[in-house]
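Take the given structure of chain A and dock chain B to it, following the hints.
2 protein chains.
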Amino acid sequence: MKKPAARFNLRKLPSRAPHELHKQETKRETARIRQDLVELQDRLYAENRQSVLIILQGMDASGKDGLIRTVFSGLNPQGVRVHSFKEPTTEELAHDFLWRVHMHAPRHGMIQVFNRSHYEDVLITRVLKLITTEEARRRFAAINAFEKLLQQAGTTVLKFYLHVSEDEQRERLQERISDPAKQWKYEAGDQDKARQWPLYRKMYEDVFRHCSPDSCPWHLVPADQNWYKAYVVAKTLRDALKELNPQYPASKLARPRE
Amino acid sequence: MKKPAARFNLRKLPSRAPHELHKQETKRETARIRQDLVELQDRLYAENRQSVLIILQGMDASGKDGLIRTVFSGLNPQGVRVHSFKEPTTEELAHDFLWRVHMHAPRHGMIQVFNRSHYEDVLITRVLKLITTEEARRRFAAINAFEKLLQQAGTTVLKFYLHVSEDEQRERLQERISDPAKQWKYEAGDQDKARQWPLYRKMYEDVFRHCSPDSCPWHLVPADQNWYKAYVVAKTLRDALKELNPQYPASKLARPRE
Numbered sequence: 001m002k003k004p005a006a007r008f009n010l011r012k013l014p015s016r017a018p019h020e021l022h023k024q025e026t027k028r029e030t031a032r033i034r035q036d037l038v039e040l041q042d043r044l045y046a047e048n049r050q051s052v053l054i055i056l057q058g059m060d061a062s063g064k065d066g067l068i069r070t071v072f073s074g075l076n077p078q079g080v081r082v083h084s085f086k087e088p089t090t091e092e093l094a095h096d097f098l099w100r101v102h103m104h105a106p107r108h109g110m111i112q113v114f115n116r117s118h119y120e121d122v123l124i125t126r127v128l129k130l131i132t133t134e135e136a137r138r139r140f141a142a143i144n145a146f147e148k149l150l151q152q153a154g155t156t157v158l159k160f161y162l163h164v165s166e167d168e169q170r171e172r173l174q175e176r177i178s179d180p181a182k183q184w185k186y187e188a189g190d191q192d193k194a195r196q197w198p199l200y201r202k203m204y205e206d207v208f209r210h211c212s213p214d215s216c217p218w219h220l221v222p223a224d225q226n227w228y229k230a231y232v233v234a235k236t237l238r239d240a241l242k243e244l245n246p247q248y249p250a251s252k253l254a255r256p257r258e
Numbered sequence: 001m002k003k004p005a006a007r008f009n010l011r012k013l014p015s016r017a018p019h020e021l022h023k024q025e026t027k028r029e030t031a032r033i034r035q036d037l038v039e040l041q042d043r044l045y046a047e048n049r050q051s052v053l054i055i056l057q058g059m060d061a062s063g064k065d066g067l068i069r070t071v072f073s074g075l076n077p078q079g080v081r082v083h084s085f086k087e088p089t090t091e092e093l094a095h096d097f098l099w100r101v102h103m104h105a106p107r108h109g110m111i112q113v114f115n116r117s118h119y120e121d122v123l124i125t126r127v128l129k130l131i132t133t134e135e136a137r138r139r140f141a142a143i144n145a146f147e148k149l150l151q152q153a154g155t156t157v158l159k160f161y162l163h164v165s166e167d168e169q170r171e172r173l174q175e176r177i178s179d180p181a182k183q184w185k186y187e188a189g190d191q192d193k194a195r196q197w198p199l200y201r202k203m204y205e206d207v208f209r210h211c212s213p214d215s216c217p218w219h220l221v222p223a224d225q226n227w228y229k230a231y232v233v234a235k236t237l238r239d240a241l242k243e244l245n246p247q248y249p250a251s252k253l254a255r256p257r258e
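Taken in order, these protein sequences are the chains called A and B. According to full-length UniProt numbering, the residues represented by the first sequence are 1 to 258, in order. According to full-length UniProt numbering, the residues represented by the second sequence are 1 to 258, in order.
Just chain A, with the same shape it has in the complex:
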């Protein structure tokens, strides 16, 4: 995992785990972390004063859905919500681009996962030339102000970019054609999009340049191996929750009636 520098090249970012890391050992470690998460999430929910927003971005077939299943399946769904952002509706397009996003911001006590997010409004919109560079700049500023607003209200914002190599991505998209359990994910445009990877990469680099302040950095996750990205995301979340250190509130029985 790496924090992006002011100028940097996504092509040079590793897409695989460091060599010294042992797969089976890491998987066992992830299992331990998930145990920690169960307890920490329970305390966050009970405390009801802070929240966590996890933003997942990555190109097609970078493994966002699988990651959500792996990392969050053991948690109490009462305290965890996942929202997948699809193509905006007519009603959503009749508002500013953060309108539909803001309403899904987590309330105190909750962990909210965004499967794709407001970053699509400065990614695919630029690839398809729906907005100008100038408009993208304005949106970057709006996004930074928005995430700051959430942070000031007690929300920890964790942003993950799942980085897969082109080879790995090509292979996974091929599986969507051949594997019956994955065919439902295949979309007619997948092949066209593949041709636009270089442009997507450029737009992602621009996002990392403009929307990665020290107070709210992007985490760039090598994502060719599922076991490694699950480990990185689970660990980052666990460490953030430990830092928040949520506490069970005092029993209401002990309090005088209001």
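The set of hints was computed from the structure by calculation and includes no laboratory data. Hints may be right or wrong, so weigh each one.
[Claimed, not checked] Just some of the chain A residues that point at chain B, by a computed CB distance under 7 Å: (1) VAL38; (2) ALA94; (3) HIS95; (4) ASP96; (5) ARG100; (6) HIS102; (7) ARG107; (8) PHE140; (9) ALA145; (10) LEU150.
Beta carbons are placed, not taken as given, at the ideal position from N, Cα and C, and that holds for glycine.
Then chain B, alone, in the frame of chain A:
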């Protein structure tokens, strides 16, 4: 009507119409303006590409409700919405302060009126010492970014402060006790609040200092006389709509089927 200067004193702001203005003539002019508004609003709704947000602030008994009735009653309610912000609910308090506000931002084609607004979160909250000056400063920045976001999405934001003199306000609050048609508005805290006017005034001045950029200024409206404030708000809205110049779209009959 006056745009606030960087430093200025609310006590020195007139609360009455300029002497040269004739009441009956002005009322007739307001009636004409309301005719304009009917047509302009119809075009705004049909065009479905721009919107207007009217923010009404003022101390108790400054006449916000009456103003809404006078100015907006003739308009087609399909294209006009009024939202009154009350004391936040537990659910609302579990989010950032703009969360409940953002969801009421107008969609294209609409005129949205906020009867009180997110500005209460830097007014009454400060008078009651629920937030620090530092937090207020952060909220000012968040408000400016939020209003800019709306403007960039095609929303014209018009902010009005209804300025009544202390004498006029005292008289109106007294009416709430004696007039059967106004008694329902009386609240137990009204007298306490009156004692806090100097503090409210100070907090309003701070708002005007920090949240009145050239691109989105506050309009300070002398509000002791109902006929004058109705005129000022109606005229400001009419002029803004004229500037937007909304157009009826071409007939769908002429378009090829999609």
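**Report entry** Unsatisfied constraints (hint numbers, rising)
**Finding:** 1, 5 and 8
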